[in-house]
Amino acid sequence: MQDLIHDLKTERQNVSAGLPSGYRLVPIAFYLVATASIFLSLYFYLSKKAYGGTEAEMRVRITTAKTEEMTLISNQQTIVDEAKRAEVFAKWLEGSRPLQPVTVAVGRSMGKDSTVAELSLTRNPEIPAHTFLQLKIDGGGSGQIETTLDAIYALNFQTYSAQQVKGQNSTDFQATLIHNEN
Amino acid sequence: MEFKDIKDVLSFAAFRPEADNPRFTWQQRFPKRKSLLVNISRGRCSWASINRRGDTDNAAEADGEFVEVASQMADTWRSATEDGWVGVSLNNRFIITLEHNLSRKKGWQEELRLNPKSILGTKYDRTKRYAIHHNPETSASLVMACDDSMVKAIEEAMRSHNLRPARICSGLFATTAHLLNRIASDNALKSQDLVMVVWLDGSLCVVRQKGGQWQDLRCRSGITAGDEATVAQMIRPFLEKADPSTRVLLMEDRKSGGFSASYLNQFGNLHVTDVTEEHNLWNILARY
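Protein chains in written order, with our numbering: chain A, 1 to 182; chain B, 1 to 288.
Only chain B is shown next, with the shape it has when bound in the complex (with noise of 0.2 Å):
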């Protein structure tokens, strides 16, 4: 026994999950500890310090690859965690899916990280990382696919700087998921006609749900600023079904983003619901 496992008995500490444990919540990791997460997007990083009331402090971005940004950022972040933990939100090189009739036998969270062919199939694809996020009352499912060479990039790139990925996720799918299971534990929400418009640095993901099914899905990451064409390209199959009663539920990844500012006239007369908080993203990954 070491002196640092009697000091991580009597604060406490050893009692706690280690940082990069996937098992647990951030808060559960990271409890009255700094932390700094970042979000990678294509040509541009932002980051924030989350302090140890699990607030967000000075949220702050760069434009760059993450390389780039790293070894320019490096010391500042150190500084921003302890023992060099970071949280990174992937926004690139990614997509998401809607499937039905996945496998969801016991333990399939376990399974998908060390034995993902067994859940997906013929979709998996050894090239990729995947993420699942259920649809707790009928058989549909979300499946993210990330590039495996992309994480590994990163974690080496973090590696070289000293600094530790805690945990590397998808933050648009992260705040999808979220908001789906926010519509999920709402019955007047649960059984309308919804499209979930999710939008983050320039990644957007439009989720349709009648009856509390999820009927389409549409993703992309990598819009430009100002790339209306684009965007009315993905949303134009939900406004063709959409109805009068159709409520539209926007999230994006802080209060008046991109997507608020520039695309949200594309909707037309459909009532829109902005159901963003301040530093959304931020707030979704220090929680949960």
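Just chain A, with the same shape it has in the complex (with noise of 0.2 Å):
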């Protein structure tokens, strides 16, 4: 049943029936862009403040980090400072073997006509395997020092810059003793 009202006036030219039903998804699709632009900024808003956020906690994070390492960088190098004072020390006391058996290795070597006179043992204090050994003794010659130096030698001693002099009835010796660890 055609209900449309007859229309009387004078017709205007090119009067629009309207754009076709299909383009309608032309704005329909602007208006789900422009949406969807929205939430996504609104999203990636949201996600840049939360990493804002994140990074700045990182950032604490990381400066705390840094101090605790700093603070055990600190620990460790004290522990090896004394580790290694305590290696100088143990090499020290290590190096510093005990002088009386060689002053009684040297005072038991003695032959019957032959007396120590003098009996220096000075310990160098940088090198304390190092023992200058000063000896002068009485009578006995050249012989009593070989059998000296041998009573220190079965003491696994060694004996560097050795010089020997002669006097008219003593002999005066002296050496840098090192102990052999072998």
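Since the hints were derived computationally from the structure, they do not count as laboratory data. By construction, the Cβ of each residue, glycine as well, lies at the ideal position given by its N, Cα and C atoms. Keep in mind that the hints are not guaranteed to be accurate.
Unchecked claim - So the derived list for chain B, only partly shown, Cβ under 8 Å to chain A, looks like this:
id, residue
1, Ala14
2, Phe15
3, Pro22
4, Lys32
5, Arg33
6, Arg113
7, Ala131
8, Ala174
9, Asp227
10, Thr230
11, Lys241
12, Ser256
13, Phe267
14, Tyr288
What the hints assert, rightly or not - Pairwise CB distance ranges (calculated):
id, chain 1, residue 1, chain 2, residue 2, range
15, A, Leu19, B, Thr230, 48 to 56 Å
16, A, Ser21, B, Lys34, 53 to 61 Å
17, A, Ser37, B, Glu278, 46 to 54 Å
18, B, Lys34, A, Leu19, 22 to 30 Å
19, A, Ser37, B, Val67, 53 to 61 Å
20, B, Lys106, A, Leu19, 32 to 40 Å
21, A, Ser16, B, Trp108, 18 to 26 Å
22, B, Asp193, A, Val26, 37 to 45 Å
23, B, Asp125, A, Ser16, 26 to 34 Å
24, A, Leu19, B, Arg287, 22 to 30 Å
25, A, Phe30, B, Lys123, 50 to 58 Å
Build the complex from these two chains, which are given one at a time in their own frames, with help from the hints.
In structure tokens, the structure reads:
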């Protein structure tokens, strides 16, 4: 049934009946894209904000971790320094062999015609393994020196820079004693 | 492409027909838009604004010729419409007749606008503008002829007040056609012996239908209030041919309008059914 009311007016040229309905997709797509853009912008804004917060937290954590690392390194350095000092001390202790057996060996090595006129054992404070020996023997001659040195060698000492000065009735001997570890 | 075109596409306005496109109903032309309807009678104008829901608001009327009333009410009318579009109902200087065997070839509506002579033949008068309502089941047609000069005068008057006619029609013819359509779509009514009386502010159209055939039609406009003689003269032929089973259907421009108050007693013992709704004219004009 035709219910459209008649129209008597002077008709205008090119009166539009409206765009085809299919083209409604254009504004619909526009609004969808605009809405999606707004939501994505919001999402990225919130993500950036959350990232900023996380970044600040991470910076604090990094600073804390670096401080802790510095503390640990400092403590480690202290321990290393102490270990080095202990090592040096241990080496010094290790190098500082007891000198009493040397004095005993020197004394026992004396023959019946020989006496120890002077005996000096001076440990090198920098290198405790090096002990400077000064010995003056009255009588006995070079043979006595050899006997005494054999007794010292028997204690695993070696001599370096040995000097022997023969006097009228005495013999001066000086050398650096180094303990042989093997 | 102008900014307005883009705005119209984004607001979906571009997908609606233009407000003055006669090939679409008023609802299709003004969806969710305010509009104004004006009925122009002889010496009187009435109007109603239609809100965005399509309901009638603020119906009013004023005595005086259209040009005088328009000059006083133009500002109010413009504020009641969007873009100044107005729907006009002409209620004087027209005549409705019953014709037969008019051309109903495809596109007759366009042809009636562009070349009415090809539809009306010898009945065509170049000083008139025409509208036709066909009976869907017979060769009968209602033809409304209106003065061309009257339409042009109204268009000119509206243009001078920055108002634009979205549609100019005959309210009485539109109401009559609407009532005939209702009857045609109602199987119970269609076959009855009916006298249809349509009244619009001093204009009267009476149609006799029997067995689905439109048999007689009388129409007159500009009936002054209380002119019982004229009304009686128009109705008499229908009453003479009526039998007790004849039913009268009355439709007025508004509930308890002038006809039912003054002339209803002229139908005597015939069964009269008033099918008028509140704001009947405005509802029909705002819907179709």
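Structure versus earlier hints - violations, ascending order
4, 5, 9, 10, 11, 12, 13, 16, 20 and 22
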